[in-house]
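Trainee: Could you put together the complete structure from these sequences and hints?
Protein chains: 2
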Amino acid sequence: MALTLETFLFISIFLFSFSSPFTSAQNHPLDPLTPTEFIQIQAIIKQSQTDLNHNLTFQYVGLDEPNKQTVLSWHSSNQTTQLPPRQAFVVTRIKKQTHETIVDLSTSSILSSRVYTGSGYPLFTSEEQEIAADILPFKYPPFIKSIRRRKLKLEEVVCSDYTVGWFGERKNNKRELKIRCFYLDGTVNLYVRPIEGLILVVDIDEMKITKYYDRFIVPVPKVDGIEYRSSKQKPPFGPSVHAVTIAQPDGPGFKIDGHTIRWANWNFHLGFDVRAGPIISLASIYDAEKDELRRVLYRGYVSEMFVPYMDPTEEWYQKTPFDSGEFGFGLSAVALEPMTDCPANAVFMDGYVTGQDGKPIQYSNVFCVFEKYAGDIMWRHTELAIPNRVITEVRPEVTLVVRMVSTVGNYDYIVDWEFKLSGSIKVGIGLTGVLEVKGAPYTHTDQIKEDAYGTLLADYTIGTHHDHFFTYHLDLDIDGDQNSFVKSKLETKRITDHSSLRKSYWTVVKETAKTESDAKIKLGLKPAEFAVVNPNKKTSVGNNVGYRLIPGLITSPLLSDDDYPQIRAAFTNYNIMVTPYNKSEKWAGGVYEDRSRGDDTLVTWSARNRNIENKDIVLWYTLGFRHVPCQEDFPVMPTLSSGFELRPTNFFSSNPVLKTRIPKPVHWPNCTST
Amino acid sequence: MALTLETFLFISIFLFSFSSPFTSAQNHPLDPLTPTEFIQIQAIIKQSQTDLNHNLTFQYVGLDEPNKQTVLSWHSSNQTTQLPPRQAFVVTRIKKQTHETIVDLSTSSILSSRVYTGSGYPLFTSEEQEIAADILPFKYPPFIKSIRRRKLKLEEVVCSDYTVGWFGERKNNKRELKIRCFYLDGTVNLYVRPIEGLILVVDIDEMKITKYYDRFIVPVPKVDGIEYRSSKQKPPFGPSVHAVTIAQPDGPGFKIDGHTIRWANWNFHLGFDVRAGPIISLASIYDAEKDELRRVLYRGYVSEMFVPYMDPTEEWYQKTPFDSGEFGFGLSAVALEPMTDCPANAVFMDGYVTGQDGKPIQYSNVFCVFEKYAGDIMWRHTELAIPNRVITEVRPEVTLVVRMVSTVGNYDYIVDWEFKLSGSIKVGIGLTGVLEVKGAPYTHTDQIKEDAYGTLLADYTIGTHHDHFFTYHLDLDIDGDQNSFVKSKLETKRITDHSSLRKSYWTVVKETAKTESDAKIKLGLKPAEFAVVNPNKKTSVGNNVGYRLIPGLITSPLLSDDDYPQIRAAFTNYNIMVTPYNKSEKWAGGVYEDRSRGDDTLVTWSARNRNIENKDIVLWYTLGFRHVPCQEDFPVMPTLSSGFELRPTNFFSSNPVLKTRIPKPVHWPNCTST
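Line by line, the protein sequences give chains A and B. Numbering-wise (UniProt numbering), the first sequence opens with residue 1 and increments by one. Numbering-wise (UniProt numbering), the second sequence opens with residue 1 and increments by one.
In short, the hints are calculated from the structure, not lab data. You can trust all of the hints, since none of them are fake.
Intra- or inter-copy, both count: the list cannot distinguish identical chains.
Here are the simulated DSS-like cross-link-like pairs (lysine-lysine), alpha carbons at most 27 Å apart as the crow flies:
hint, residue 1, residue 2
1, K526, K493
2, K520, K489
3, K359, K96
4, K449, K538
5, K489, K615
6, K537, K449
7, K537, K514
8, K487, K522
9, K510, K426
Mentor: Now the structure itself:
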């Protein structure tokens, strides 16, 4: 959607009439790499290249963050000590080999360099995907012939790329992408117009088509009713609602200092990574009673995503992408639209990635930050028990949201990190965008005689069954980094000694996980609550300070354990896992996810069964959505949301928002809609 | 909270500067009884009383709604046919007997009358509770002596009443309340200052104290840090946020016609009942494609609540209240505060209950209705796959919320019914207010050597473990009243014939419940989705139109099945049950819940195992919260929320909000905060 002049004027007013939330940027050791740094890295890597005849591509360039203890001591010095040296982790491809390089930016030197020879490949670059999908097929005569044979116009064909996974091959695989194509012909909603039966396979290192299949023809689903652009809709429109906005006459209440965001009692760092998207670091909350900023979350981000489709047929069986490790959750981020993706009071931030040539590319509006007021109640009580008195106290709920939207092909993922005054961090995921559909020769369910692997959504259109698993890396540091993971099992106790007229009650049996195997949890099997606590810090009445995880949708994989996609995604087998902190254990599916074999995942690391009691530990939480598509999801799907909450439990000695006052009332009779 | 002048002015501006959402009230057969009708009922019942020497109390007076088919045919006639006769269901107590009377208001006559002789008693009246808790103890010398012995000031003692349940007694029980007392002495937060060891039992029909226990003395928990009134807090305040509001320059977009609310594509009736609180009826949604208002929910409300505490000791074992059937979820509703309980754009509605004398009492601001805009995204997509084009379409999410807050003693329950343009109905429950705590001789967890049945929250203060179960009556009528309940089981299929490189996938196996026993579901045991469908209506591609239930927190009771509270609350044993519609099956725990024996519940009705396929069916859903209290919940608890969603599934033939346009932008530079 292009900005209208009005919207632009509005934003201008907004930005200039209030004090800006941006303050002069102070550097932080966890700041993402800057454009200048990307250029410096590019130069260092290129300089080190001995054979200039070979193409060099940058597959991943990101901050190699300093050791945690270095960051923590810098942070606890009130950020007055010298910044640790800036280093970058760089993955390049040269001569069909994966190179891992650590670059030191302070000395403009290479600290280490190696050729990675294990299984799996790095992220695909945007350019690789573009050439493979947008150029190669259209120069490939058999493909052109197939399109003509279907009586389709070549100029209306658009292709998209899919990773191919690993299915037990023993030999080293090639870097490949599978190409599926779609037929626009009057629409932009390509994903619901697949040209089935055609598959191209591209060798990405050679950048050429190596396999081609034209197996069958089914009708391209109809073009009617799939348009989603407002400008192309015809009346009647609707359903429609009155104008509505969130107004903050005094402007936003947060400050952005470089990448550090301060709001009310919260203080955290917001980084952007081409693979992870948003990274929340060093989230701390001010405890008024202790007059102290207390540490909660050293680092939180989406470590991996797994989206297995449930169609085992030739064209579809491989569709089990790892959206983060293969396509880059950050690389797939899109520019947020003011006033629609984020409310009127939002402030936007940019991010940077590199092209495959190593040059920085700006991602405008990659994040928005805003204060959310949904009309909810933070706490309340009406007291009617005292004769002749009515006491009512209510505090409305205002929270701070950091949002990114990542569009991995057809799907749009809305990623929210929400900070509450009461100490909770709520993490939300919304799924919207366009379904991945399959062309099929059906116009009515009566015609379907065998498993169609999905729902018939419209003529010739099957919405294929699939799941979405999101595995979060949550390095909680509750009041310090020596923490434990505690299961509070809720157990029924029978009363058999006639000491009570009750026959039963439940009580809490706490169990501290000693090693990694004690902390592998499939949720929903037994009633329990789960917390990360600091076993060395107690409240004055003796409870261990902690944060508990309140899960969202409870979903476990249904693929068999020996199925190849599930071997690679074995990190989703448990909803909760806990590991001791290890700087190298960042990506639940391994550093090299494309064509990975599951030999470097959260599951293999934790097989060592390390000690996790009173250690610096990381909580890994997997949130899953099952998706049995329905007709309402077509041609774009209304957002389906879930998430989870990290909620303080005996962290504060009492309700930390007890003394929060009602925000100043706002008068808005002069607001106008246009 | 008293309204400040500013707030008052604000509200005045709001109410008078825009067109009012209220239109002239048209009568509706499901309208709650009016004050005039209450007075008429009181007169009819009193007139019929033969022996005027005996006290008559009104325990329940509510609309005896017309037969469903009568209402439906009135509704489908475009509300032009004559209204069915108005009738009331009245429960009175006379001479220690429960009388059930059906009153016809059109003829001012009694249609039927009987003495109820089964187990269980009706709702307690406010007056009964007030006399039992506020008057009797203070005239009872042994109690006064006990207070003096504890060196407490009698004028600072406040008492509260608790139901006593049923624990296997064979003889008919009396109507009793247990009285526990609290010590204010400088605070209004009585519930965290229990005077333990003292229990009074009041015979409510005799209205006298029949049993008295003074068993032990433990310190009353401290008064420091328990104040929650803003006016009594001392600085430093906080955490604090900037002024924020929701602004609708064109005013609300809904219309309230009597009790019928019309907003965007939704149309429903909002009733108020002294027992259930809000009742949503005849919710229908406009389908633009069919140009038709389509039926979704005939009736939805909280049928019962069950709050078992997990302390089996003498003073606590009975605490297993049924907040709806014993105390009245509507009777316990409180006046919503403008600007804090509900946002600035909310509109308020009143309700009416009767006193025990039968006279109407106005409940001001018992509901608020508002359009919610939380900055969320209804749907979006960014299309990057088409070379040289970027297409972004985003629709912000605006919904309609109906809210009530019911304060049953210490707890405040926030009840939200939220209607989405996309067809979903989201039902939310928020728990806030004050914990029920137990005085105990501990100041540190180290001193606790046996099960304390809760968490030590502060000196001498145990927050007792408990659950909250909410059982919803959801009479879905998907495009008519002949519906079926369908389980879509997600089953793993193994591939053993080498037809695919995949070894497994999951698929959907649908199973229509034939009888009630097929539809008793404990959630979380097996992967499945659940829907109510119309087996007689298909979309053009052949899917049955339906709505599915997306559950919230998945919680099952942990009390043993043979424990008396659980026998009474056996309706919580399954998260889902389905029954054929039966006008008399309204209250999951039975009409007479106080001291009930579980012999007239959802479980006993469904034991008949009636046919539910292609019938008018009712879905019963039980949402549970477990509560292991933590120190943050003290002295008032930040809201803990969950809920569930009824989401259309193949109800619409495609996304019903595809053609929704972005609401008009709002300019708010002139808004001011004060």
